[in-house]
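Could you put together the complete structure from these sequences and hints?
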Amino acid sequence: MSEASKSLNFIEHIVEEDLRNGFDPEALRFRFPPEPNGYLHIGHASSICLNFGLGLRYEAPVNLRFDDTNPAKEETEYVEAIKRDVAWLGFEWDQECYASDYFQQLYDWAEALIERGLAYVDSQTSEAMAEQKGTPTQAGTDSPYRDRSVAENLKLFREMKEGKHAEGSHVLRAKIDMASPNMLMRDPVMYRILHKAHHRTNTDWCIYPMYDWTHGESDYIEQVSHSLCTLEFKPHRPLYDWFLDQLVSKDKLRPKQREFARRNISHTVVSKRKLLQLVEQGHVKGWDDPRMPTISGLRRRGSTPAAIRNFAETIGIAKRDNVVDMNLLEFHMREDLNKVAPRVMAVLDPLKVVIENYPEEQEEWLEAENNPEDESAGSREIPFSKELWIEQSDFKEEANRKFFRLKLGGEVRLKNAYIIKAERVDKDAEGNITTVYCSYDPKSKSGSGTPESQRKVKGTLHWVSAKHAGEAEVRLYDRLFIDPTPDQHEDKDFLDFVNEDSLEIVKAYVEPGLLEAKAGDRFQFQRLGYFCVDPDSTPDQLVFNRTVTLRDTWAKIEEKAK
RNA sequence: UGGCCUAUGGUGUAAUUGGCAACACUACUGAUUUUGGUUCAGUCAUUCUAGGUUCGAGUCCUAGUAGGCCAACCA
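Quick note on numbering: the first sequence equals residues 1 to 562 in this note's numbering.
For the record, the hints were derived by calculation from the structure and aren't laboratory data.
Where a beta carbon is used, it is the ideal one built from N, C-alpha and C, also for glycine.
One or more of the hints may lead you astray.
Stated by the list, open to error - In silico DSS-like links for lysine-lysine, alpha-carbon gap of 30 Å or less: (1) Lys407 / Lys161; (2) Lys175 / Lys250; (3) Lys415 / Lys386; (4) Lys407 / Lys458; (5) Lys319 / Lys396; (6) Lys73 / Lys133; (7) Lys196 / Lys175; (8) Lys250 / Lys234; (9) Lys352 / Lys250; (10) Lys415 / Lys456; (11) Lys339 / Lys456; (12) Lys415 / Lys256; (13) Lys507 / Lys562; (14) Lys443 / Lys352.
Stated by the list, open to error - Here are the in silico distance ranges between beta carbons for each label pair: (15) Gln277 / Glu335: 29 to 39 Å; (16) Asp552 / Gln277: 29 to 39 Å; (17) Thr553 / Gln223: 51 to 61 Å; (18) Asn357 / Thr553: 27 to 37 Å; (19) Asp493 / Pro144: 38 to 48 Å; (20) Lys6 / Gly90: 41 to 51 Å; (21) Glu335 / Pro535: 20 to 30 Å; (22) Ala555 / Ile505: 16 to 26 Å; (23) Met183 / Gly22: 28 to 38 Å; (24) Ala87 / Lys562: 44 to 54 Å.
Structure representation (structure tokens):
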């Protein structure tokens, strides 16, 4: 396997070391633990690929576990979206788990902690507790309720569970150390009262466990061997371990938490909270808007699962702050699409071409290769006639030698068709060119084998026969933010950097065969980029999303000339 | 005298655990090309700083410097 030559990331090194120290490979188990309070984004893709990648590498099961302990934010819609996205990325989970399935077990363990004097009910306001918590540089002070009797704690906790108390009136806290230098160890809250319906347990519970009290215990229940999370949970690790210390039995596997740096991507944000803002404030049309860095947005945009997996694989996993260049994601989209996307011709910014010496009523069907990267993709036939569309940017009346496209008196090859020469133009009252009149060389037909067809002409243009063209709406997307790190400015809000021109809609002419394309189909519009049929398409209006442009060396040359 | 974490090209990761700083992206050269695409070849580094140990340090030691995280009844 090529796997063998690949270098390991630091998480894999940890697993390898555990194995060397006698850890049973059969006991390896991982999990991906999203909270169903939003859609998965490209940052999550790294975590998904890490965990499921580990599962594949070590032939270990990977659970999909919903961390659903906060009914105020979580919804079934998000659960469904998350499952769809993980499956689309190409991963299979072992068990579908929910932290809410463990509510009873967690409750029983909580009572046991109370009985052992390790947890107590605090009846202060959250403000008072925050006050006593101290600051990172200052120790906290004990709550006046810290030494309640076990009996009283038990009675109150049971009443909380039974719904006899108002939200905010009591919490259950672990009794650890109010003077700990680690703020999280200063008697953290384990349960709060919430009279809210949960997406799965409905109104069965009036108290809900907090993350710290739920996560490690869920790992333990599922016997997850390596619980991987992002770096901001590093200070939680002592608490993760403290809770486990209280209940792990010797004959069972004890999970361990390890942390890696979250991935930041340039020119976007990867935070569910911020993405929610973009959706709610209407900067985009929804979680799956093709401009969103969500998995569903990328899918709708036309990315392939392999592109995202390869991207995650390339950037790897480490522990330092990072901003990955969006270029790299685009590279992987192009790389995969180049192999799989059929080539077609479409004109997005049309200019009429009339071939004067081509017979008025004649039409020909010319053979065109579907994918030069994949011989098995075969070929198709496309219509040619006297009147064609080409791109405005492919014609200039005058230009220097570096301009390989069509100019007056100059020749170009029409892709899969003939060599033409521009003779004269028509202009409107404002001086805009409306039509280019050309002549063609009938012996220069592509693939005909004639000496004329083998002439080297520097430029090759894509085109569409005007008479046969289909019409389509094409949505051209640009980056959502004009700044590489929109959410890393102390003095400005990330919304200040939203690119107001991130969507341009044009009417395009496409080769007729495209009219049969279906939502999700991906193509390369030759010389332009990769495009994907949007689900907004109707039988009489095809809609394409531009996934990513082709690399454009000419655009760079033009840019530099300015 | 709060605690914890991290520093390797413009970007992201490697470096057989002390032995020629490697891979990918970007950018730039050039070749090929019926996509200015693809492909191919090439160019781009005081490993945060200063000392130290060593035949030899990105890696070990000491002291700094810079950045990040932690004071939700969020996860």
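Verification of the supplied hints:
1. Lys407 / Lys161: violated, 80 Å
2. Lys175 / Lys250: holds, 23 Å
3. Lys415 / Lys386: Holds, at roughly 15 Å.
4. Lys407 / Lys458: Within the cut-off at roughly 12 Å; holds.
5. Lys319 / Lys396: violated, 52 Å
6. Lys73 / Lys133: holds, 26 Å
7. Lys196 / Lys175: holds, 27 Å
8. Lys250 / Lys234: holds, 25 Å
9. Lys352 / Lys250: violated, 79 Å
10. Lys415 / Lys456: holds, 13 Å
11. Lys339 / Lys456: holds, 27 Å
12. Lys415 / Lys256: Not OK: Lys415 and Lys256 at ~59 Å, beyond 30 Å, violated.
13. Lys507 / Lys562: holds, 29 Å
14. Lys443 / Lys352: The hint holds at about 23 Å.
15. Gln277 / Glu335: 29 to 39 Å: holds, 32 Å
16. Asp552 / Gln277: 29 to 39 Å: Check passed, 33 Å falls within 29 to 39 Å.
17. Thr553 / Gln223: 51 to 61 Å: 54 Å Cβ-Cβ, so the 51 to 61 Å window holds.
18. Asn357 / Thr553: 27 to 37 Å: holds, 33 Å
19. Asp493 / Pro144: 38 to 48 Å: holds, 41 Å
20. Lys6 / Gly90: 41 to 51 Å: This hint is violated: roughly 19 Å between Cβ atoms.
21. Glu335 / Pro535: 20 to 30 Å: The hinted range 20 to 30 Å holds for Glu335 and Pro535, with Cβ atoms some 25 Å apart.
22. Ala555 / Ile505: 16 to 26 Å: holds, 21 Å
23. Met183 / Gly22: 28 to 38 Å: holds, 36 Å
24. Ala87 / Lys562: 44 to 54 Å: holds, 47 Å
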